[in-house]
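S.K.: Work out the full structure, taking the sequences as your base and the hints as a guide.
In order, the protein sequence lines correspond to chains C and H. Quick note on numbering: the first sequence equals residues 2 to 157 in the numbering used here. Quick note on numbering: the second sequence equals residues 2 to 157 in the numbering used here.
Just so you know, not all the hints are guaranteed correct.
If chains are identical, the list can't say which one is meant, so a pair holds when it fits in one copy or spans any two.
Mimicking DSBU-like on lysine-lysine, the simulated pairs with C-alpha atoms at most 30 Å apart in a straight line are [what the hints assert, rightly or not]: (1) Lys136 / Lys154; (2) Lys131 / Lys106; (3) Lys131 / Lys92; (4) Lys136 / Lys146.
What the hints contain is simulated information worked out from the structure, not anything from laboratory work.
Protein chains: 2
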Amino acid sequence: MTENEMMNLINRSLFATIGYTDEQGRQNVRRVFCVWHKGIGRHLISTNTSSSHVQSLMNNPNVCLYFSDDSTFEGICLYGTAVIHQDREYKQLLWNEGDEKYYPKGIDDEDYCILEIIADGARYYRFDGKGELSKTQIEALDSGKEFENGYAKISK
Amino acid sequence: MTENEMMNLINRSLFATIGYTDEQGRQNVRRVFCVWHKGIGRHLISTNTSSSHVQSLMNNPNVCLYFSDDSTFEGICLYGTAVIHQDREYKQLLWNEGDEKYYPKGIDDEDYCILEIIADGARYYRFDGKGELSKTQIEALDSGKEFENGYAKISK
Numbered sequence: 002m003t004e005n006e007m008m009n010l011i012n013r014s015l016f017a018t019i020g021y022t023d024e025q026g027r028q029n030v031r032r033v034f035c036v037w038h039k040g041i042g043r044h045l046i047s048t049n050t051s052s053s054h055v056q057s058l059m060n061n062p063n064v065c066l067y068f069s070d071d072s073t074f075e076g077i078c079l080y081g082t083a084v085i086h087q088d089r090e091y092k093q094l095l096w097n098e099g100d101e102k103y104y105p106k107g108i109d110d111e112d113y114c115i116l117e118i119i120a121d122g123a124r125y126y127r128f129d130g131k132g133e134l135s136k137t138q139i140e141a142l143d144s145g146k147e148f149e150n151g152y153a154k155i156s157k
Numbered sequence: 002m003t004e005n006e007m008m009n010l011i012n013r014s015l016f017a018t019i020g021y022t023d024e025q026g027r028q029n030v031r032r033v034f035c036v037w038h039k040g041i042g043r044h045l046i047s048t049n050t051s052s053s054h055v056q057s058l059m060n061n062p063n064v065c066l067y068f069s070d071d072s073t074f075e076g077i078c079l080y081g082t083a084v085i086h087q088d089r090e091y092k093q094l095l096w097n098e099g100d101e102k103y104y105p106k107g108i109d110d111e112d113y114c115i116l117e118i119i120a121d122g123a124r125y126y127r128f129d130g131k132g133e134l135s136k137t138q139i140e141a142l143d144s145g146k147e148f149e150n151g152y153a154k155i156s157k
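M.R.: So, in structure tokens, the structure goes:
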């Protein structure tokens, strides 16, 4: 897959899957709404601070994030670290009108947080083969990029 | 979610996501075609013995299997163990005409194997709440059931 094909898969996905180790030491996965991307290597997810995957990632930040399209048999798995942001800058960027139904106290609700996934490596899968990206390759591809809502961008 | 609602989510899914620890000790996930189920607790997946998720599960059989529907906001995650079957009984059950394109030597191709996921517990998520199932509860619900192609059954 080319950089553009990977970026297109990521941008057209509304949801992705995170893989992590939970507080009982089990493998666990969770489906998350994920449309804010900074190239291939960084992704933001708004979520409840109290949710079990956030609590598990506070304990063990090793994580993977998987974007896939069952209809085209494409997938990309990013391996790295989860960072939990509580600062207003991130929380404001991802806030949508109506989010009060999830976070009654608004942007500063302490149960509202932003999960950032930072990739150290990636592996992609497609009918025509698979391949790997190193941390250095991801950083080179993503150089100079900013966070943007990729889904909004391509559905314009 | 009721047993029927969980079983319906599992049966109507063509694909599921497995979560595991790979040979580099990373969290990893993989999308798999998964239509053979024995109730809620046991699932069969035909795959390549040489694939990285099978090799990783031989090393560390702790696994989770996640069925979800993004359009209805339903998900069920099963936690347990992976068993790799090489015996003809399983390989014949899941064999489809035309599978020679994946496994040129046919049913007995040593690169063809059946991955069984056996759940010790489950957690389900829906807009109206979440809940857990213990191993004992899963065994009671699944008592007397046999493996069947759930997708073929409901799409008749």
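S.K.: With reference to the structure, classify each hint as holding or not holding.
M.R.: Results of checking the hints against the structure:
Within a single copy, Lys136 and Lys154 get their C-alpha atoms as close as 26 Å, which meets the 30 Å cut-off; across copies the closest is 45 Å, which misses it. For a Cα distance limit of 30 Å, the shortest separation of Lys131 from Lys106 across copies, 23 Å, qualifies, whereas the shortest one inside one copy, 45 Å, does not. Taking identical chains as interchangeable, the C-alpha atoms of Lys131 and Lys92 lie at most 30 Å apart only when they sit on different chains, with a minimum of 26 Å there against 35 Å within one chain. In this assembly of identical chains, the alpha carbons of Lys136 and Lys146 lie at most 30 Å apart only when taken from the same copy (16 Å versus 47 Å across copies).
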